[in-house]
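Undergrad: As given, the protein sequences belong to chains A and B, one line each in that order. In terms of the numbering used here, the first sequence opens at residue -9 and continues consecutively. In terms of the numbering used here, the second sequence opens at residue -4 and continues consecutively.
No lab work stands behind these hints: they were computed from the structure. Note that the structure is a prediction, hence the values are computed from the model and not measured. In this text, a Cβ means the ideal position worked out from N, Cα and C, and glycines have one as well. Misleading hints may appear alongside valid ones.
[What the hints assert, rightly or not] So the derived list for chain B, only partly shown, Cβ under 10 Å to chain A, looks like this:
id	residue
1	Glu93
2	Leu359
3	Thr427
[Claimed, not checked] One side of the interface only, derived from the structure: several residues of chain B facing chain A at Cβ under 8 Å:
id	residue
4	Leu98
5	Arg113
6	Asn172
7	Leu244
8	Asn430
[Said to hold, decoys possible] Some residues of chain B that are not near chain A, with every Cβ distance over 12 Å (derived):
id	residue
9	Ala301
10	Thr310
11	Trp332
12	Ile428
13	Leu434
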Amino acid sequence: MNARVLAVIVVLAAWWFAMFAMFVPLPLSAPLSPRDTVQLPGEGFTAVIGRAAQDPVGGLNVTGMNTDEGALQVRALDSVQAEAFSTLRYRFQDFPRTLELVLVFRSEHSPDVVTVTIPTVPSGTGTVDLSSIPEWRGRILELGFAQYPGAQSVPPASAFRPFRLLDVELWSPSWTGALAARTQDWLGARSWVLRSLNALGPDSVLRTGRSLVLFVFIGAIGTLVILATFLGWRRRKLAQAAIIGSFAAWLLLDLRWLHGLHERHAATREAYVGLSPEERQRRQPDQMIFDSAQMLRNVLKTQDSSTRIVVDAASDFERARLLYHLLPLNVAPMNMIWLDTAVEYPGLVLVFFRQDKPAFNASDSTLMVGAARVPVVVLFDLGPLRVYRVQPS
Amino acid sequence: MTAVFAWLLAWLLGLSLWCTLAGRPRGMSAWIAAIGYAIPLGLLACALTIRIPSVIGYRELSSGVWWWPIVALLVFAAVAAWRDRTLVRTSAPLSVAERWSGLQIALVALLALLVAIRAYWLYEESMLRPLFGWDAWLAWSAKAKAWVLSGHATPYVDAGTWLNAQPGSVRTSLAYNYPESLSWLQVWLSGPADTWSEPDVNFAWPVLWLGLLLGCYGQWRALGVSSMASAVGAYLLASLPLANVHAALPGYADLWVATLFAFSVLSILRWQMHGERGQLLLAVALMLALPTIKFEGTVWALSALALILWFGFATRRRTIRVTTVLLVVGLLTAISWLSGFQWTTQVINLFTGPGENSQLTDVLSATAVGLFTQDNWHLLWYVLPVVVVWQWSHLRSSSVTTGLLLLLVACLSLLLALFVGTVAGRWVESYTIVNRLVLHIAPIALSLIVLLLGVRREAVASVINAEPVARDTSH
């Protein structure tokens, strides 16, 4: 091997080391492997919400989830100082892709429980850089994991399957920990969220601001410059190398995207494959809203199909989804009509979903709208759903 | 009517539209382009056809309305056949078959495999998952669902009109004034199921995505790009992540706008290069469809019109060209505003609406983040400026690539002006708008790269130096 080639190899190695040091980023003052670790076997966790039992061979078998609250497994910690441990490693077995995984902890600093959504790993080891979580500081009192159906994307009925929490480790700062966390961030599975249609990257959990695309681009540019400089490439050779290098880099990014697409799709298959088209349309991520809409149809089925219905809910999402599920009823959103206008139209049906206001006065069957009392007839009032018909004043 | 029949009908109608406007395709690449174009053309033609009764006051969605596109198919097929007999054919197109080496075959096979795997996942994702996107169930699909389930295409109006009109005679929603072609398209796709069927409707999006790949491949070939470069370009287009997302999670209008705009521009480029009037007619038809999909479609349609004018006045001095383009676009915009077209109202609201405009630096940095560091575009926006600079002399020597670059710069400038000068900047900072608008122009950006790197210049020169293109004498 001649000296020039050797120099190229050395410079390239230095360049890519610098790239990793900058983008991972590598804690240069830390050792290669963690000096201190805290081992937390799965069987040391306790189910606070949902059902779980210790497995005879180790780990915690989580066998049930509360429909509304999900599942939660926690354990108390003794003398764990957050600043001393910057990496969380966690191992699950058969973790469903349909569940969101949330890290839960309490510290001396914060009386409230801190929740941070972390990447799911169906089987194998997940790694999270804890130093990217602002609340991870002080003495940690309690640590655990919560699971919920994927928000806005997984029907609750299809979300849960039993899984096992094998073990958890806390690592002191190290190069291997930092690399593992960045690998998880760049190559780990992600779920579909509404934001995915607007931007990829911000739709992932634990956004840590290190772009793989930028890493690949700058790395490739630096590599080209080094090769051209040391090997004396002329314009044509440089152009050829640039085309091949760009294509190779694009292909690598695409393979990574395809891997992510496969993981997202695998989660969709877990939730929906095997169901008929009709059943898939009935199993909605917002099952409660869908069921409420069906209940409302039953309430209103004796009414004229042209009856005008104004809908309000606790959030824009719930309102919009309820409107969609109620179609083809003649519905309108309250944020177009406004309540003080709607109550001027006798016969109009008002629907309130998960809303305490306006308050209903049963003694005179009126709704409190501002300072006014609007006479209404109660059509339905149970659980999250309240339905009234406006009466003439 | 079965779903297969409905799709076949739409595709044949689209193909007959292509043949009517641009003549029967000759050669493999031309057929690929026509097949790609036929998907959006046919689906939108079906949507337009079944909409006609409601436009003239018959709002019942009777079973007979599903058969109207057959009438349209018969008409356009007859016109296309007549045109084919009268058209004087040109010499062989640029898309001459080339021999590939073993390595090239292996590369294309690998890329085709990656596209095929992806296509399967996108298809299955769109079929399995219920309608997911916010704008889908808030706007376009909501109208379609209401019409299909009620069997009546009740018009949508503002809230005040809804409250004071006869109950049941009108409907309202937050998107009451949105263009309705996409909703009517979904009504068409629900026809075979005779009810609101999201899988049947969602299927259109991955199919449209495939159509975009085919249409671009075929048009690049016709513009002189080698088969290898076209194949690689089609893979690069297929690999754009945000385009994949819009195919996998159906319901949004952005992939439709991107496809129609790209097809319109590529047809304009073909007209400029070969003088094919049929391609110009295709471009105009697609341009006219753009505003019926989404409000932004009007802006892109005007941009495409500007490109036509730019090429049309090629022999004039630059000052006259620029002035003519600006005057015509300005005049059309003014006419739109005076006529009360919704898109002008929306634009004015952006400039005058409540809320403060964002800081320039915040908007520019959010835009840059969306283009260069998020996972939406791979290396597209890095590669584009490098290729433009590197191939500058080639770009300047061709009116096609010069025009395409000017169009791209104009589109990007319009986007930046929108983000910086209006309250839309807030949506940029929250990444809810920037990438979806960029999606509209991403295929033409990639087309510029493909044209600059992949055109077989000796083939282009031989055509340009050959006998003049014979004109369509049937008009």
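Undergrad: Hint by hint, note whether the structure agrees.
TA: Verification of the hints:
1. The beta carbon of Glu93 (chain B) comes no nearer than 18 Å to any beta carbon in chain A, farther than 10 Å, and the hint placing it at the interface is violated.
2. Using the Cβ-Cβ criterion of 10 Å, the hint placing Leu359 (chain B) at the interface with chain A is not satisfied: the shortest such distance is roughly 16 Å.
3. Given the 10 Å rule on beta carbons, the hint for Thr427 (chain B) holds: about 5 Å separates it from the nearest Cβ of chain A.
4. With a least beta-carbon distance of about 12 Å to chain A, the hint placing Leu98 (chain B) at the interface is violated under the 8 Å criterion.
5. Hint on Arg113 (chain B) holds. Least Cβ distance to chain A is approximately 6 Å, under the 8 Å limit.
6. At about 12 Å, the closest approach between the beta carbon of Asn172 (chain B) and any beta carbon in chain A exceeds 8 Å, and the interface hint on this residue is violated.
7. Annotation: interface hint on Leu244 (chain B) holds; nearest CB of chain A at approximately 6 Å, less than 8 Å.
8. Taken as an interface hint, Asn430 (chain B) checks out: its beta carbon lies about 5 Å from the nearest beta carbon of chain A, inside 8 Å.
9. At roughly 28 Å, the least C-beta separation between Ala301 (chain B) and chain A is larger than 12 Å, which holds for a residue marked as non-interface.
10. Interface exclusion of Thr310 (chain B) from chain A stands, the closest Cβ pair being 34 Å apart, more than 12 Å.
11. Every CB of chain A is more than 12 Å from the CB of Trp332 (chain B) (nearest about 25 Å), matching its label as outside the interface.
12. At the 12 Å boundary, the C-beta of Ile428 (chain B) falls inside the reach of chain A, the nearest C-beta of that chain being 7 Å off.
13. At the 12 Å boundary, the C-beta of Leu434 (chain B) falls inside the reach of chain A, the nearest C-beta of that chain being 10 Å off.
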